[in-house]
Amino acid sequence: MPKIITLPGDGIGPEVTAAAVEVLREVAPDLTFEEHAIGGAAYDAHGDPFPQRTRDALEHADAVLLGTVGGAQNSPWNSLPRPMRPESGLLALRKALGCYANLRPVRVQPGLEHLSPLKPELARGVDILIVRELLGGVYFDGDRKIDGDTAYNTMRYTTPEVERVAKMAFWAAEQRKGRVTSVDKANVLEVSELWRRDVQALRDREYRSIHLNHEYVDSVAMLIVSDPSRYDVIVTENLFGDILSDLAAVIPGSLGLMPSASLGDGAGLFEPIHGSAPDIAGKGIANPAAAIMSAAMLLRHGLGRSDAANAIERAVALALREEPTRDLGGQADTKTFTNAVLEAMGTPVG
0 MPKIITLPGD GIGPEVTAAA VEVLREVAPD LTFEEHAIGG AAYDAHGDPF
50 PQRTRDALEH ADAVLLGTVG GAQNSPWNSL PRPMRPESGL LALRKALGCY
100 ANLRPVRVQP GLEHLSPLKP ELARGVDILI VRELLGGVYF DGDRKIDGDT
150 AYNTMRYTTP EVERVAKMAF WAAEQRKGRV TSVDKANVLE VSELWRRDVQ
200 ALRDREYRSI HLNHEYVDSV AMLIVSDPSR YDVIVTENLF GDILSDLAAV
250 IPGSLGLMPS ASLGDGAGLF EPIHGSAPDI AGKGIANPAA AIMSAAMLLR
300 HGLGRSDAAN AIERAVALAL REEPTRDLGG QADTKTFTNA VLEAMGTPVG
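Everything in the sequence shown is counted per numbering that gives the first Met the number 0, starting at 0 for the first residue and increasing by one.
Be aware that a few hints might be false.
[Unchecked claim] FRET-style restraints, in silico, Cβ to Cβ:
| no. | residue 1 | residue 2 | range |
| --- | --- | --- | --- |
| 1 | ASP264 | HIS210 | 24 to 34 Å |
| 2 | GLU342 | SER218 | 37 to 47 Å |
| 3 | ARG54 | ARG196 | 33 to 43 Å |
[To be verified] In silico PhoX-like pairs for lysine-lysine, Cα to Cα no more than 25 Å straight-line:
| no. | residue 1 | residue 2 |
| --- | --- | --- |
| 4 | LYS166 | LYS176 |
| 5 | LYS118 | LYS176 |
| 6 | LYS94 | LYS144 |
| 7 | LYS118 | LYS184 |
| 8 | LYS144 | LYS118 |
| 9 | LYS166 | LYS94 |
| 10 | LYS2 | LYS94 |
| 11 | LYS166 | LYS184 |
Hints in this document: simulated from the structure, not taken from any laboratory. For glycine and all other residues, C-beta sits at the position ideal for the given N, C-alpha and C.
Kindly generate the complete structure, drawing on both the sequences and the hints.
This is the structure:
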């Protein structure tokens, strides 16, 4: 039986992860689940944001379902040495799993255009997949330092790192509309010159059926909200991808609607992209939609069960129409929304 390691994490993570697990148990009763600690909760319990027992559990995982990591800006965790902070545990988790490609779908479901802050004619039909490189660039480079009044971080990429994430983007595009936009800042950054050169060379060598164009990150930041339908698959490096995908999250209407899949060498990592929202943690009002849709991505990309994934996504879309959560202008709390998803899937709710 497939084993799913769950890492609820911090803030609202345990609440939305529990909702996702409840849906997974109904649609895939053969799955087994094993819970472990990550982030601030792991530091509090074990003195390490990514403890050894969690590392060891990953060796036997078929997929990993993550909640959220981190606390409020004034959290005591933020005064810890950087390697002990919750976010360092998340970066170490991604590296341990070899998850070099982060897939973030930005989709406006038919009938849900009214949830978007964009005009309905702009939001209608938006279906973008952002493929973000996840293990390189400025977030991971060891050449970093604060020295008195001077600080620096280094952005560094190699051709193999660029090619492997570009291959993921081209593979995804082959199953979609066949269009890839590679995002860089090649007019001022040498690392972006390398990125653009290597993505283009790979396309010319192995993916000639894909239409590829290159755009600067500042231009994409404007166009992704003013003309989002121009994009199919976007591929970019770690920092740019982090910012652009959070910006694009406004299109469906809320960060609470944004799932993700991180894929690479081993078990995939599946998580909502929203934060830990400590201000509402424990109140039972968090929107679990992104966590539940991350569970759908787990089924599709982690276990090869597309039919079950499609069933969850259809049920979430119906629940969003009938029982929107508070962040979307509705009244549904976490449990009410989860029950609406289960009912939409045909599961009796007691």
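Given the hinted pair LYS94 and LYS144, is their alpha-carbon gap at most 25 Å?
holds, 21 Å
Proposed proximity, LYS184 with LYS166 (alpha carbon, max 25 Å):
Distance ~20 Å between LYS166 and LYS184 Cα, so the pair holds.
So the hint says 37 to 47 Å: do the beta-carbon atoms of GLU342 and SER218 match that?
At roughly 44 Å between Cβ atoms, SER218 and GLU342 fall inside 37 to 47 Å, so the hint holds.
Hinted pair LYS144 and LYS118, Cα distance within 25 Å:
Given pair LYS144, LYS118 is violated - Cα atoms ~44 Å apart, limit 25 Å.
For a C-alpha distance cap of 25 Å, please report whether LYS118 and LYS176 respect it.
holds, 24 Å
Given the hint that LYS2 pairs with LYS94, does the C-alpha gap stay at or below 25 Å?
holds, 20 Å
Take the C-alpha atoms of LYS166 and LYS176, compute the straight-line distance between them, and say whether it is at most 25 Å.
Distance of about 16 Å is within 25 Å: holds.
Is the hinted range of 24 to 34 Å satisfied by the C-beta distance from ASP264 to HIS210?
holds, 29 Å
Holds or violated: LYS118 to LYS184, with C-alpha atoms at most 25 Å apart
Distance ~29 Å between LYS118 and LYS184 Cα, so the pair is violated.
Given the range 33 to 43 Å, decide if the beta-carbon distance of ARG54 to ARG196 lies inside it.
Cβ of ARG54 to Cβ of ARG196: about 36 Å, so the range 33 to 43 Å holds.
Restraint status (C-alpha distance of LYS166 to LYS94 at most 25 Å)
holds, 19 Å
Violated hints, in rising order: 7 and 8; the structure is consistent with all others.
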